[in-house]
Amino acid sequence: MYFNDLEEILAVVIAIAILGGFVVSTMHDMKATIAEEKQKFKEKKEAEEKAKELIDYLDTKANLIDSIVKTTKKLEKKKDNSNNV
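For the sequence shown, numbering that gives the first Met the number 0 begins at 0 and goes up steadily by one.
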């Protein structure tokens, strides 16, 4: 069974339309995937920044507590020395 010229042209046009749709669909999916990956990367960076900020905060708080403990010990020593004199 052979196609006449009009049927062949119609078949080619339909095939091109299907391929074009496939290409457009693939490009759309790729753009969506790239956007998702960019969003994940951005969220990961934000989480890393928050973690760094939290670590800095905890380090600062630990240093502050250490300095309070040292100061308290010095005050206790001064109190003990003044009571002994």
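Keep in mind that a hint or two might mislead.
[Said to hold, decoys possible] Pairs of lysine-lysine residues, derived as PhoX-like cross-links and limited to a Cα-Cα distance of at most 25 Å, are as follows:
#1 Lys49 to Lys30
#2 Lys51 to Lys41
#3 Lys60 to Lys39
#4 Lys44 to Lys30
#5 Lys30 to Lys41
#6 Lys41 to Lys60
#7 Lys72 to Lys60
#8 Lys43 to Lys30
#9 Lys51 to Lys37
#10 Lys39 to Lys49
[What the hints assert, rightly or not] Each pair of labels, with its calculated beta carbon distance range:
#11 Tyr56 to His27: 39 to 49 Å
#12 Glu6 to Lys39: 27 to 37 Å
#13 Leu57 to Val22: 26 to 36 Å
#14 Lys41 to Val12: 52 to 62 Å
Hints listed in this document are in silico derivations from the structure and should not be mistaken for laboratory results. Cβ coordinates follow ideal geometry from the N, Cα and C atoms, glycine included.
Consistency of the hints with the structure:
1. Note on Lys49 and Lys30: the hinted pairing is violated, with a Cα-Cα distance of about 28 Å set against a maximum of 25 Å.
2. Restraint check: the Cα-Cα separation between Lys51 and Lys41 comes to about 15 Å, which is no more than 25 Å; the hinted pair holds.
3. Distance check on the hinted pair: Lys60 and Lys39 sit about 31 Å apart at the alpha-carbon level, beyond 25 Å; violated.
4. Between Lys44 and Lys30 the CA atoms are separated by roughly 21 Å; this keeps the pair inside 25 Å, and the hint holds.
5. Restraint check for Lys30 and Lys41: satisfied, since their Cα atoms lie roughly 16 Å apart, inside the 25 Å limit.
6. Between Lys41 and Lys60 the alpha-carbon distance is near 28 Å, which puts this suggested pair outside the 25 Å criterion.
7. This hinted pair checks out: Lys72 and Lys60 have alpha carbons roughly 18 Å apart, not beyond 25 Å.
8. Restraint check for Lys43 and Lys30: the C-alpha separation of about 20 Å stays at or below 25 Å, so the hint holds.
9. A C-alpha spacing of about 21 Å is found between Lys51 and Lys37, which places the hinted pair at or below 25 Å, so the restraint holds.
10. For the hint pairing Lys39 with Lys49, the CA-to-CA distance comes to about 15 Å; that is within 25 Å, so the pair holds.
11. Range check, Tyr56 to His27: Cβ separation about 43 Å, and the 39 to 49 Å hint holds.
12. Checked against the given bound of 27 to 37 Å, the beta carbons of Glu6 and Lys39, roughly 49 Å apart, lie outside it.
13. A hinted range of 26 to 36 Å for the beta carbons of Leu57 and Val22 is inconsistent with their spacing of about 52 Å.
14. Distance hint check: the CB atoms of Lys41 and Val12 are about 43 Å apart, inconsistent with the given range 52 to 62 Å.
Checked against the numbered hints given earlier, this structure breaks hints 1, 3, 6, 12, 13, 14; the rest are met.
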